[in-house]
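Each residue of the sequence shown is one higher than the one before, counting from 1 in full-length UniProt numbering.
Simulated from the structure, these hints should not be mistaken for lab results. Glycine included, each C-beta is placed from N, C-alpha and C at the ideal position. Among the clues, some could well be false.
[Said to hold, decoys possible] Computed spacing ranges between beta-carbons, pair by pair:
#1 P90 with R56: 54 to 60 Å
#2 R91 with E68: 21 to 27 Å
#3 K200 with S116: 15 to 21 Å
#4 L110 with I45: 21 to 27 Å
#5 R91 with Y127: 25 to 31 Å
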Amino acid sequence: MTQETISHPLELSSLTLPTAPSWWPLGPGWWISALALAFIIVCSIFWYRRNKQKTRAKRAALNLFKIERHTLTPSSAIEVVRQAALSYYPRQDIAKLSGQSWYQFLDSQLAENVFSPNQALWNQALYCSQRAYNSQHTYNSQYAYSSPRAQMLNGAAQTDINEQVQQDSNALPTVSHPSLEGHTLIADCERWIQQALPPKRKYRNWNRG
1 MTQETISHPL ELSSLTLPTA PSWWPLGPGW WISALALAFI IVCSIFWYRR NKQKTRAKRA
61 ALNLFKIERH TLTPSSAIEV VRQAALSYYP RQDIAKLSGQ SWYQFLDSQL AENVFSPNQA
121 LWNQALYCSQ RAYNSQHTYN SQYAYSSPRA QMLNGAAQTD INEQVQQDSN ALPTVSHPSL
181 EGHTLIADCE RWIQQALPPK RKYRNWNRG
């Protein structure tokens, strides 16, 4: 290498970097991913709204059990169950059920029989509730418009009615069942709403006869 070459270096042009690839238009893979994501979002929204609408009556019934847990009676609890069932099953099929057929229908929606084995207990609870209502209704009808003095004199009549209701309750035979240990009739009603509603597909063709 000569002295002249060192004093006069070669003139080289600057490096030119390639242009960065553009993100548009998107490749086929990106379009497929975007469409799949949009489909999942639409299906999720549809399922959520449908499920919320479908379980509205169930949530309302369970909320009633939660709010009035200390005031609910077996008769009022079973009435909540009937109203909830009417929201999901044909009214003409549910409204006509009573007694044993009603308990059999309730059990058909669960994995095990809960109501039919305790039919005697249900009859006892509903009988006591009806007798108490009838006694109170009779008393209110007879003495609602009586004078204050008459109301004081008739206070003993109300006491006699209450005692009679208590005697009727005590006179009924006491029925026990092993499955009742640890839970109550009201708990069975709440359990039915939790597990049976909305109706499962295998129960939709329940025998309506």
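Problem - Non-conforming hints, listed in increasing numerical order - result: 1 and 4
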